[in-house]
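Student: This is what each chain is made of:
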Amino acid sequence: MPFVPPSSRAVTPGGRGRFTGFDVLSEVDRWDDVTAGVVLARLSPPPEYSFFTPAEQATAGALFDRLLAQEDEPRVPVLELVDQRLALGMTDGWYYEDMPEDADAWRASLAALDDEAQQEHGAAFHALDRADQAGLLQALTEAEVWHGFNAGHVWSLWSRYACAAFYSHPWAWNEIGFGGPAYPRGYKNLGVGARERWEVPDGVGGDPVEWGERAEQARRSHRALAGPPGRRRAGLPQERPKA
Amino acid sequence: MRLQLTDRDVRDRNASAWLVPAGQDRADHQARAGMRRFADSEELDMLIVGCGAGGSVLLQRLARAGWKVAALDAGPFWDPDRDWVSDELGSHRLYWTDPRVLAGEDPVPLGSNNSGRGVGGSMVHFAGYVPRFHPSDFRTYSADGVGADWPISYSDLKPYYEQLEAELPVAGQDWPWGDPHTYPHHAHPVSGNGEIFLRGAAATGTRARVGPVAIPNGRFGRRDHCIYRGFCLQGCKVNAKASPLVTHIPDALAHGAEVRANCTVSGLVLDEMGRACGARYFRGGVEHFQRARMVAVAGYSIETPRLLLLSAQRRYPNGLLNNHGQVGHYLMVQGAAQTSGRFDEEIRMYKGPPPEVSSEDFYETDPGKPYRRGFSVQNVSPLPITHAEHVSAQGHWGEVLREYMRDYVHWATLGSLCEFLPLYDNAVDLAEHTDRFGLPVARFTYTQCDNDRMLMTAAQEKMEQILTAAGACEVMTIKRYAHLVGGCRMSRTEQDGVVGPDLRSFAVPNLLVTDGSVLPTQGSANPALTIMALVARCADHLVAAGRAGADFSRRD
Numbered sequence: 001m002p003f004v005p006p007s008s009r010a011v012t013p014g015g016r017g018r019f020t021g022f023d024v025l026s027e028v029d030r031w032d033d034v035t036a037g038v039v040l041a042r043l044s045p046p047p048e049y050s051f052f053t054p055a056e057q058a059t060a061g062a063l064f065d066r067l068l069a070q071e072d073e074p075r076v077p078v079l080e081l082v083d084q085r086l087a088l089g090m091t092d093g094w095y096y097e098d099m100p101e102d103a104d105a106w107r108a109s110l111a112a113l114d115d116e117a118q119q120e121h122g123a124a125f126h127a128l129d130r131a132d133q134a135g136l137l138q139a140l141t142e143a144e145v146w147h148g149f150n151a152g153h154v155w156s157l158w159s160r161y162a163c164a165a166f167y168s169h170p171w172a173w174n175e176i177g178f179g180g181p182a183y184p185r186g187y188k189n190l191g192v193g194a195r196e197r198w199e200v201p202d203g204v205g206g207d208p209v210e211w212g213e214r215a216e217q218a219r220r221s222h223r224a225l226a227g228p229p230g231r232r233r234a235g236l237p238q239e240r241p242k243a
Numbered sequence: 001m002r003l004q005l006t007d008r009d010v011r012d013r014n015a016s017a018w019l020v021p022a023g024q025d026r027a028d029h030q031a032r033a034g035m036r037r038f039a040d041s042e043e044l045d046m047l048i049v050g051c052g053a054g055g056s057v058l059l060q061r062l063a064r065a066g067w068k069v070a071a072l073d074a075g076p077f078w079d080p081d082r083d084w085v086s087d088e089l090g091s092h093r094l095y096w097t098d099p100r101v102l103a104g105e106d107p108v109p110l111g112s113n114n115s116g117r118g119v120g121g122s123m124v125h126f127a128g129y130v131p132r133f134h135p136s137d138f139r140t141y142s143a144d145g146v147g148a149d150w151p152i153s154y155s156d157l158k159p160y161y162e163q164l165e166a167e168l169p170v171a172g173q174d175w176p177w178g179d180p181h182t183y184p185h186h187a188h189p190v191s192g193n194g195e196i197f198l199r200g201a202a203a204t205g206t207r208a209r210v211g212p213v214a215i216p217n218g219r220f221g222r223r224d225h226c227i228y229r230g231f232c233l234q235g236c237k238v239n240a241k242a243s244p245l246v247t248h249i250p251d252a253l254a255h256g257a258e259v260r261a262n263c264t265v266s267g268l269v270l271d272e273m274g275r276a277c278g279a280r281y282f283r284g285g286v287e288h289f290q291r292a293r294m295v296a297v298a299g300y301s302i303e304t305p306r307l308l309l310l311s312a313q314r315r316y317p318n319g320l321l322n323n324h325g326q327v328g329h330y331l332m333v334q335g336a337a338q339t340s341g342r343f344d345e346e347i348r349m350y351k352g353p354p355p356e357v358s359s360e361d362f363y364e365t366d367p368g369k370p371y372r373r374g375f376s377v378q379n380v381s382p383l384p385i386t387h388a389e390h391v392s393a394q395g396h397w398g399e400v401l402r403e404y405m406r407d408y409v410h411w412a413t414l415g416s417l418c419e420f421l422p423l424y425d426n427a428v429d430l431a432e433h434t435d436r437f438g439l440p441v442a443r444f445t446y447t448q449c450d451n452d453r454m455l456m457t458a459a460q461e462k463m464e465q466i467l468t469a470a471g472a473c474e475v476m477t478i479k480r481y482a483h484l485v486g487g488c489r490m491s492r493t494e495q496d497g498v499v500g501p502d503l504r505s506f507a508v509p510n511l512l513v514t515d516g517s518v519l520p521t522q523g524s525a526n527p528a529l530t531i532m533a534l535v536a537r538c539a540d541h542l543v544a545a546g547r548a549g550a551d552f553s554r555r556d
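Chains as they are written, first to last, in the working numbering: chain A, 1 to 243; chain B, 1 to 556.
The shape of chain A in the complex, shown without the other chains (with noise of 0.2 Å):
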């Protein structure tokens, strides 16, 4: 393992996480060079966008921001991630009967959620504040037609990209607890309550607050956000084709 400087170890997103000290990092040295060199390629410093416009990249990246609750430093750069993605046209190869190709379908869904914007708020979606672009999204969730699309499968383009970028970040790794690339070394404590050397309990930081409680904080503060569901249905615009 090279030298990493103390800032740069154990690293989550927005610093929150509850595997005190857990950096999967740690064990690159005993990751295949092969893996090792996918992994780390996350945290370089990302190339110049060539997917998305600057209009695009402003709406993206707000979007980005609500779907996976990055409101703070550091984050995982998930919007650079999912650009060089669509630039290398790397897609999963189908798409709906109702949606264009993923590519098109991204810069289509773009436009309609600042559309929306306009519509509900006079303003682009990344200029609204966080609680009025959770709410247009809330809003999306709950309605079966969006812009003349099929509002799931618009959800589903863009969660499974943002998921993917996400989750494939080592910091969101170290975040929940994943030990990460396994290969030379695999596994040899399996079992429930089991753990390696290396890995770390949950809880080191000693959180008292048991699950049920901590999900529930989690679902009043993302309503205080994003409003309760079904408040905001009313306001959603009219069904019409799509062109």
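These aren't lab readings, by the way, just hints derived from the structure by calculation.
Only a predicted model underlies this, so the values are computations on that prediction, with no experimental measurement involved.
One thing to keep in mind: the hints can contain errors.
Not the full set, but computed from the structure, chain B residues with beta-carbon under 8 Å of chain A [unchecked claim]:
| id | residue |
| --- | --- |
| 1 | HIS92 |
| 2 | ILE227 |
| 3 | ILE385 |
| 4 | ALA388 |
| 5 | GLU389 |
| 6 | VAL400 |
| 7 | VAL409 |
Beta-carbon label-pair distances, calculated as ranges [claimed, not checked]:
| id | chain 1 | residue 1 | chain 2 | residue 2 | range |
| --- | --- | --- | --- | --- | --- |
| 8 | B | GLN173 | A | ARG9 | 24 to 32 Å |
| 9 | A | GLY227 | B | ASP366 | 56 to 64 Å |
| 10 | B | GLY285 | A | TRP198 | 44 to 52 Å |
| 11 | B | THR182 | A | PRO100 | 47 to 55 Å |
| 12 | B | ALA203 | A | LYS188 | 53 to 61 Å |
Glycine included, every Cβ here is placed at the ideal spot set by N, Cα and C.
Starting from the structure of chain A, add chain B where the hints point.
Tutor: Frame of chain A; chain B shown alone:
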């Protein structure tokens, strides 16, 4: 029986395990470089299109019988050391990611969990479960009035199940369901995820067994012991998990077969007498034509029908072999709802192979239920990106998604395989969209029937019950699909299917379909072993008929 095998028998049957080079390399580069290569103009005894579970077994069997045989594959000839990674997102190249259009009321996403690319096919990234079908699977129409009867019975396939279980080889506990049987290797130890299933099964009176997995228990030949790293679905870098790339392909090369990777077949060609005489394919951007005396298509349930439809010609204006409107139809997926449960203890389901414990207690038709046929339940172990999909499927996003994901180490997961029924309108046809070769891509239309929906709900309830009984304080389910079979089904008559029980097509007797698309029904079992067994049986018939001097261009 296995006790009577001599070391030499095992060395012969499982020769590929000793073909792994000594030293650190996981692939035999010398064997690949020195592989026999046929000219396009040389008439092969058999040309195989696709190098997955079906194509590879056929290639190996015919090569061992001395046939001149080559297999083309659209994807690469994988080198596990160089090409595969212990990483979820980085394994994207293992999947078939050419464009495909999804339609119907219940469209089925393709890609990662049901389509492979490259030599070894989707077994390269399958979990490793290799259960047999039950005897009842072969006569669902007579017994239950649903699905279809196969033109063969379980007993026709049984000897081939036994062969393949020994060739992979398979590890698992004694199997009480279907036709009860044992496995060549003792079951693997289980991880936290498997422990939870066993705990929940005991508490609910459900029988559960460890296995059956295509991972030898222990070092086998020069294949290393499984290291329980949990990345079976990303390609086994260890060579512990079996796939044709490890088992049947090296053996085929050693017996003079050719594997031609990175070759996309664009059309099947008939001669003036209407017999198959070869295939057109793209290699390096240039179109070639390989001559052959017989052709076997093994591109799986989406690409096999697509290739037949793309090969429409004068005698077959609606697609090759499609004179009875059967090509592409009766395509099936299994309903594969997955349920996760939350435990106070740490489970860390990413440790250990994802295939661990199964139950087939709900596999058969229960007269007391409103639905016919059933489902199986197996451990699955979603890695973070896949687990995030499960969490988002609950409608969670933002802070709630993040909090559920922070809790990842506390969740255990079960997956179901529900026997969805074969329906004519669930089918592949050609879309308007074309790929980079200018060929129309596949459109895959899927709509569930009421029986399918009832099964998926029943499976979800059973998994929730098992996890809750094991101590879960919360459960969440994602409704999804797994596996593909059908699309060129096997039948007794040409009005009802595309191929006969010997997998030769009704319309063109020297053109075969040797992959999962021939299955008339799918049971609640993972299909890989059954596909291999069917093709091994087909190969036996071909070799025997060939020795007897059969003329494959006509039916007896």
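Student: Kindly indicate which numbered hints from before are broken by the structure, ordering the numbers from low to high.
Tutor: 8, 9 and 12
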